[in-house]
Amino acid sequence: MTDPHHHARPDDGTAAAADPASPYDLLVRDARLLVIDGDTEIPGGWIALRDGRVAAYGPAGAEPARAARTLSAAGRLVTPGLINTHHHLYQNLTRSYAPAVNGTLFAWLTTLYPRWAALDEEAVHLSTYVGIAELLMGGCTTSMDHHYVHPRPRLIDAQIRTAQELGFRFHATRGSMTRSTEDGGLPPRSVTQTAEEVLADSERLVRAYHDPSPGALTRVALAPCSLFSVTRELMTATAELAERLDVRLHTHLAEDPDEDTYCLETYGCRPVEYFESVGWMTDRTWVAHCIHPTKQERARLAAAGVGVAHCPSSNMLIAGGTAAVQEMRGLGMPVGIGCDGSASTDHASLWLETRGALLLGRYRGGPAAMTARDALDVATRGSARCLGRADELGHLRPGACADLVVWDTPEVALAGALTDPVEAWLRCAPSRAWTTVVGGRVLVDDGELQLPELATKLREHARVARRMQGLD
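In my numbering, the protein residues as written are -19 to 452.
Certain hints may be false.
What the hints assert, rightly or not - With a cut-off of at most 20 Å between alpha-carbon atoms, the simulated DMTMM-like pairs for lysine to aspartate or glutamate come out as follows:
#1 437 - 240
#2 275 - 326
#3 437 - 391
#4 437 - 226
#5 275 - 253
#6 275 - 238
#7 275 - 263
#8 437 - 326
#9 437 - 102
#10 437 - 452
#11 437 - 114
#12 437 - 162
#13 275 - 256
#14 437 - 137
As the list claims (entries may be wrong) - Restraint-style ranges between C-beta atoms, simulated for each label pair:
#15 196 - 262: 18 to 24 Å
#16 54 - 144: 17 to 23 Å
#17 438 - 41: 42 to 48 Å
#18 285 - 194: 33 to 39 Å
#19 348 - 176: 29 to 35 Å
Derived from the structure by calculation, the hints contain no laboratory data. Being a predicted model, the structure only gives us computed values, none of them experimental. Cβ coordinates follow ideal geometry from the N, Cα and C atoms, glycine included.
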């Protein structure tokens, strides 16, 4: 946990000196401050990228002589790309859906499940395309997605193809629901599947798309939706399958007090105890929300290495409480940032989620409880730990994936912010990406998305959203 008054040391990058004889693919220079990670910051710094990796960095005046392309950060803050550890991209088709906006979590879900039953490959492609575009503008370079509604086959295939077309770093998770209203669950039968269907498709997707190699753009994890939407048998079988295929596990846990009631009535124990009983208490796992575990349960989760995706805006909009982020980090728990579903959060800006984490951390623990650097660390290194990629994501040390963001905050908003660019980044709002680089590719340039089909996709998205919301 970062000291509230900590300012990371400068670094001269001598361990990764530039070689003018071997031009770099991209050089970003003239940063007001270059943040390599939570331990290293370089005023006026530059960073050079080659073959999709960070190759070198250093202070002003020591820049490489040559690079295939040079971008000026023009005095802006440069950080590692933010990493999204919990999302439901398809839900941007039902954003701010009026009949659901003021409901509890369970009321919100039961209102929207029938709408989501209309999902098909076109809808998933469009929602994924638009969602990734929005994530890029919010400084996100890697995102998972938790797709658990499967009224039709091959929906995750459509997601993965879309992310690959855009060159975005994407962790698809094969979500599932098997316990319908007829079985004592919340979702209607139209959006659930049998355990056999779920397990067979989970294995198919991992074998078809999961890339375990370093620098991978596409990975797959297994993700039953929640303790109240799948059976005990599926939770257990999924954990066993993840172990056999060596992939990660994800689900919602301890999000709402109604979940406590449900687990006590259905399983005779609290959610965390049930979670452990089905084989999920492992460092292979990261969970969304984790708002309501007891102090003792948090300690057990931390000891097992379970990670948490903290979703500030969703927690506030549904008013279900918020995770004890700094307490969890103090236990050594991996804690990352998540947007959550677009229909509960209604945006996909990881910058806004990181700012929300800063505000909630201070609201919960007092003015010294969390700093902007703590929040940035959660959204970068903490998120990378949740996804099992702390070695190559969430920092800009040599050899890391070339995922970075040059941030833009309106000049009028920064007027007077002269002493601390990182604090100003979250306190002086709003900020968005001026440049977003994923794997060395520039996907946002001069504040503009480099997605030529975006206008067409937005028109198609509007058509599908109207149909799904019953507005046609």
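Each hint, compared with the structure:
Between residue 437 and residue 240 the CA atoms are separated by roughly 41 Å; this puts the pair beyond 20 Å, and the hint is violated. Our distance criterion of 20 Å between C-alpha atoms is broken by residue 275 and residue 326, whose separation comes to about 31 Å. Restraint check for residue 437 and residue 391: not satisfied, since their Cα atoms lie roughly 32 Å apart, outside the 20 Å limit. Restraint check for residue 437 and residue 226: the C-alpha separation of about 35 Å exceeds 20 Å, so the hint is violated.
Simply put, residue 275 and residue 253 have alpha-carbon atoms about 13 Å apart, close enough for the 20 Å limit, and the pair holds. Pair hint residue 275 plus residue 238 holds up; C-alpha atoms about 19 Å apart against a cutoff of 20 Å. For the proposed pair residue 275 and residue 263, the alpha carbon gap of about 19 Å is at most 20 Å, so the pair holds. Between the alpha carbons of residue 437 and residue 326 the distance comes to roughly 19 Å, so the proposed pair stays at or under 20 Å and holds.
A distance of roughly 11 Å separates the Cα atoms of residue 437 and residue 102; the hinted pair therefore holds under the 20 Å criterion. Between residue 437 and residue 452 the alpha-carbon distance is near 19 Å, which keeps this suggested pair within the 20 Å criterion. A distance of roughly 13 Å separates the Cα atoms of residue 437 and residue 114; the hinted pair therefore holds under the 20 Å criterion. Among the hinted pairs, residue 437 with residue 162 is inconsistent with the structure: their alpha-carbon atoms are about 37 Å apart, more than 20 Å.
A C-alpha spacing of about 16 Å is found between residue 275 and residue 256, which places the hinted pair at or below 20 Å, so the restraint holds. For the hint pairing residue 437 with residue 137, the CA-to-CA distance comes to about 18 Å; that is within 20 Å, so the pair holds. For the pair residue 196 and residue 262, the supplied restraint of 18 to 24 Å holds, since their beta-carbon distance comes to about 21 Å. Roughly 32 Å separates the CB atoms of residue 54 and residue 144, a value that falls outside the hinted 17 to 23 Å.
Residue 438 and residue 41 have their C-beta atoms about 44 Å apart, which keeps the hinted 42 to 48 Å range intact. The beta-carbon spacing between residue 285 and residue 194, approximately 21 Å, falls outside the hinted interval of 33 to 39 Å. Taking the beta carbon of each, residue 348 and residue 176 are about 53 Å apart, not inside 29 to 35 Å as hinted.
Violation of the numbered hints given earlier is confined to hints 1, 2, 3, 4, 12, 16, 18 and 19; the remaining hints are satisfied by the structure.
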